[in-house]
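There are 2 protein chains.
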Amino acid sequence: MSAAIFVGGAVPALANDELMGMMDDPKQWVIQTGDYANTRFSELEQINKENVGDLQVAWTFSTGVLRGHEGGPLVVGNMMYVTTPFPNVVYALDLNQEGRIVWKYEPQQDPNVIAVMCCDTVNRGAAYANNTIFLHQADTTVVALDAMTGEVKWTKQNGDPSAGQTNTATVLPVKDMILVGVSGGEYGVRGHLTAYDMATGEQRWRAYSTGPDEEMLVDPQQTTVLGEPIGENSSLESWEGDQWQLGGGTTWGWYSYDPELDLVYYGTGNPSTWNPSQRPGDNKWSMTIMARDPDDGMAKWFYQKTPHDEWDYDGVNENILVDQEIDGEMRQLLVNFDRNGFVYTMDRATGELIDAKKYDPAVNWATEVDLNPESETYGRPQVVADYSTREAGEDTNVEGICPAALGSKDQQPASFSPETGLFYVPTNHVCMDYEPFRVSYTAGQPYVGATLSMYPAPDSHGGMGNFIAWDARTGEIKWSLPEQFSVWSGALATAGDVVFYGTLEGYLKAVDAETGEELYRFKTPSGIIGNVTTYEHEGKQYIAVLSGIGGWAGIGLAAGLTNPNEGLGAVGGYAALSEYTALGGQLTVFALPD
Amino acid sequence: MSAAIFVGGAVPALANDELMGMMDDPKQWVIQTGDYANTRFSELEQINKENVGDLQVAWTFSTGVLRGHEGGPLVVGNMMYVTTPFPNVVYALDLNQEGRIVWKYEPQQDPNVIAVMCCDTVNRGAAYANNTIFLHQADTTVVALDAMTGEVKWTKQNGDPSAGQTNTATVLPVKDMILVGVSGGEYGVRGHLTAYDMATGEQRWRAYSTGPDEEMLVDPQQTTVLGEPIGENSSLESWEGDQWQLGGGTTWGWYSYDPELDLVYYGTGNPSTWNPSQRPGDNKWSMTIMARDPDDGMAKWFYQKTPHDEWDYDGVNENILVDQEIDGEMRQLLVNFDRNGFVYTMDRATGELIDAKKYDPAVNWATEVDLNPESETYGRPQVVADYSTREAGEDTNVEGICPAALGSKDQQPASFSPETGLFYVPTNHVCMDYEPFRVSYTAGQPYVGATLSMYPAPDSHGGMGNFIAWDARTGEIKWSLPEQFSVWSGALATAGDVVFYGTLEGYLKAVDAETGEELYRFKTPSGIIGNVTTYEHEGKQYIAVLSGIGGWAGIGLAAGLTNPNEGLGAVGGYAALSEYTALGGQLTVFALPD
Ligand SMILES: O=C(O)c1cc(C(=O)O)c2c(n1)C(=O)C(=O)c1cc(C(=O)O)[nH]c1-2
Ligand SMILES: O=C(O)c1cc(C(=O)O)c2c(n1)C(=O)C(=O)c1cc(C(=O)O)[nH]c1-2
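Heads up: the protein sequence lines correspond to chains A and B, in order. All residue numbers for the first sequence refer to the UniProt record's numbering, where the first residue is 1 and numbers rise by one. All residue numbers for the second sequence refer to the UniProt record's numbering, where the first residue is 1 and numbers rise by one.
By construction, these hints were calculated from the structure, which means they are not laboratory data. Nothing here was measured: the structure is a model prediction, and the numbers come from that model.
Ranges of calculated distance between the beta carbons of each label pair, as one might list FRET restraints:
id: 1; chain 1: B; residue 1: Ser162; chain 2: A; residue 2: His461; range: 47 to 55 Å
id: 2; chain 1: A; residue 1: Tyr455; chain 2: B; residue 2: Asp296; range: 54 to 62 Å
id: 3; chain 1: A; residue 1: Thr562; chain 2: B; residue 2: Asp25; range: 34 to 42 Å
id: 4; chain 1: B; residue 1: Tyr441; chain 2: A; residue 2: Tyr455; range: 55 to 63 Å
id: 5; chain 1: B; residue 1: Asn96; chain 2: A; residue 2: Asp295; range: 53 to 61 Å
id: 6; chain 1: B; residue 1: Asn51; chain 2: A; residue 2: Glu45; range: 27 to 35 Å
id: 7; chain 1: A; residue 1: Asp17; chain 2: B; residue 2: Glu514; range: 57 to 65 Å
id: 8; chain 1: A; residue 1: Gly560; chain 2: B; residue 2: Asp146; range: 19 to 27 Å
id: 9; chain 1: A; residue 1: Lys104; chain 2: B; residue 2: His461; range: 23 to 31 Å
id: 10; chain 1: B; residue 1: Glu514; chain 2: A; residue 2: His461; range: 53 to 61 Å
id: 11; chain 1: B; residue 1: Lys540; chain 2: A; residue 2: Gly328; range: 49 to 57 Å
Even glycine gets a Cβ: it sits at the ideal position worked out from N, Cα and C.
Construct the entire structure; sequences and hints are all you get.
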């Protein structure tokens, strides 16, 4: 059995060689995902499974902002860049001086945007390219900052917060462009991915998630779905009337890029509203993995994971690009741990569906995904009628659906180690009751249409999360570590055979990549929903993570909500978090003793 | 030469034996000052000068509140108590579970109080006694909380925030009472010390700092000043008209207690306003060390350090009670490092002035304190006319006064080691320009009357602080460590021959108690204005400190002020702090590796 992380070979002429070289340098961490393939794997091995137990805190930094701290620090040369939740401060810290502040960018944003952010005031961080730090603010201002001075090079408005358009995602620098998404699925926002010129901020293209082919940048003949041409206006036909205009499919998750295939990958979110009776049809192309040509945005292939969503299983989780041997054949894979509880293994060149399996045995809303290419329902989940909120109808509370709306896994990114060939996945182990109700649309107002309550998966270990190792070659969970709360932090695997993740109580944990055995834990100041990163500075390997409870799971603490159904249903299930942690906003940097 | 820390001998019948026993137990830290004598010394020696370099962060805790974190954690048995700035949250943390939150008390206070707090929203922490945690909130609510459950036992309103009466100080439990002060010298508040019954909250007595003898609890014959009876209505005669009613002399600093002498010691703040021309006279008894009988509050002796203040040198700093040999004789001393730059050594039984020396050579507003008992000006500072803001008169800017208004040392408490016989003093090395102007009084409005600007002491090391070792037996600085910013953190000396303090940049530092050599430093998340404490849990010694930039020195960052003259003149001098640290609110706990 062999496994190899994606390594760029012959790349197109326009490639951003400098940036790709920096991504290949394990000492730096220049985009949020670490690399284009979204593996979150580091070749560094000074900290390894033999010595990780000796880890110490090297230095710390308070960001001066409370609420959920997602994403993580970037490291570019001797500089570290840290981004905060709203108001989205960016700090440039000097690693030669234990984090002395070289510059600080503090945008003036209208705080009204906070009210139209569904799931806390999070921001998944900035990205570096071409001596520039690119940030996409909550109010959808895209900003380019001189990496040395913090000076604003250009700003561009990507959306309209008064219509519920906001942003929480990072941006992806590809070639000479910056790709950016949009949030607002709970406000009837119609999602899109937009490319801006890195140097000038000029818009290159915009691809909507729903609507007419021209606006979706879809070619009825060339764009494929499971190997077949997509056909004309495939989205329009899957909605009643003009509902696609309020159709959601927002693009608030992670973006990947394969420089060899020259394809960008990302997923689209839930169709709006959460009341499925208001939107008959498959609601294309919400809940879809999309592969596009970055040069013009044209769609190469789509795959809709959850047609006609009835549970808010946004399809935006990271698509991890790995080359692995499946049934004796090396394949160019895209692996996606979807919110709906299935992990999809696809051929990333063609969009072929290779496998789809539950990665949490608690998943009950569907029995399986039809993998038979000859079948009428090829590629579709086989929905269990008892858990269909559409069949139950409006104003009926459907109980015991697993996973809950925040999925078997939300945006917290998994990691892949080419050394073990395993995926390390932060998961939720949460179920829900879901009662849809009719809503009408008003721009800038919540457009949700369901009342939810969440609780730990029943008949299990009693906790709300697991940290698992998944083998995509066999489609099996190798090991699973029960956690009291959802694991809402991104994982990091390293060549030291160690995997790191954070917990909502605030622990940074290090486990053995082969066995899952816990090797180290440290209680950081606040709950961790940030993503663990690593870098090397002056010969020393560091591990860095942001603390600051929040995100959807921590919304009760972050926004001071106590009614169990508030926070889109998350407050009740995570109420016990207040016995472990309080709001924060800190970076903790770890290293081995000298 | 010998030195001994005060140890209680025969104590009066009403003594709180349990509490005094807990203060004597170095494993616990039950009141903010560590002990009644305010030595901030610990007998613990597991961490010592040989191994302190190996110190590691054991665990951390974010308080969920930003701005200045003064005071420090209490440790009572297995429980730790942490208090935050406004809104004055109290956390009870379980030390057996790395700070799991056992209970949280979060008062609902009118946020309007923030506007009438002169020097940030700080609170110098809670105190423990009789299974109760006592807290004095910003809005002057005194509250008694069940130490196990956090349940409110009683609350009492000590003042009126709408008239500018607020609180930042800790409380002192003495016998069956709680002693509490009041802030508001910049709002024309007339200071007082008040005793409440520990069990019921009933008021026992209140002693004003200014006014008629009955209200000041002064006996014209029995109360002495430098050995002489104080005489009738000594305060009233030292003010023009009714100005004493707006006279300041607030009591926002530290309180000490000598159980053997059965005397409580504390200092009073500046007279109001800062424009001396509006208040001719000595302005008694502002700027005064007071010794009182805790049972009825009656004054035993007073000593006014800065008669007719012209520089805002509040006299509230801690009075450290030590027994040391002076000129071959063991003396019961009270040592006070005053804001005005003189350290006063007094006989704490009689109020005799033994010595007064400058502890920062930069001090220039007075040449010396007259120590000749035969002199007309006995006990008075010899003011240098050039630096008299009264002589210059209203609307004249007096330049180059040292120290600045925040003193050679502000409230940040010093520590005394009976092992070295030295005092370890966090100091400011800052000078100022001071321009008084006429103001009129409106209740609840600032009543300041001077424009200040501050800067590092000229012709020196360029920094704004020093951490010094002072020998009261010889009246000399033993060593002095230059710091870029004022040292605004309280010191801790231990039997391990180590002294700890924090810096405004956020470093916790450990130095050799004899030589001052730096043995360890760690960059905590935010600037440190908290006081370092230590305790033992399950056989292990811990060092704990709060980070969170603020207080008067950090007011620019804390309140988001940028005009150099804002923040009562402190913003400009400390502007460079923003290159080192951002707002925070974290506890960092250190220990040696296992
Ligand atoms: O539909 C959307 O536009 C949208 C946006 C976001 C977001 O931007 O954070 C989340 C979600 N949906 C969502 O469904 C969700 O579970 C979620 C979790 C989080 C988070 O950061 O913890 N954000 C979001
Ligand atoms: O006159 C007063 O009532 C009063 C109150 C306070 C306070 O309560 O914090 C300070 C001061 N004055 C003051 O003069 C001063 O230097 C000061 C510093 C600080 C601080 O916590 O950093 N508080 C205060």
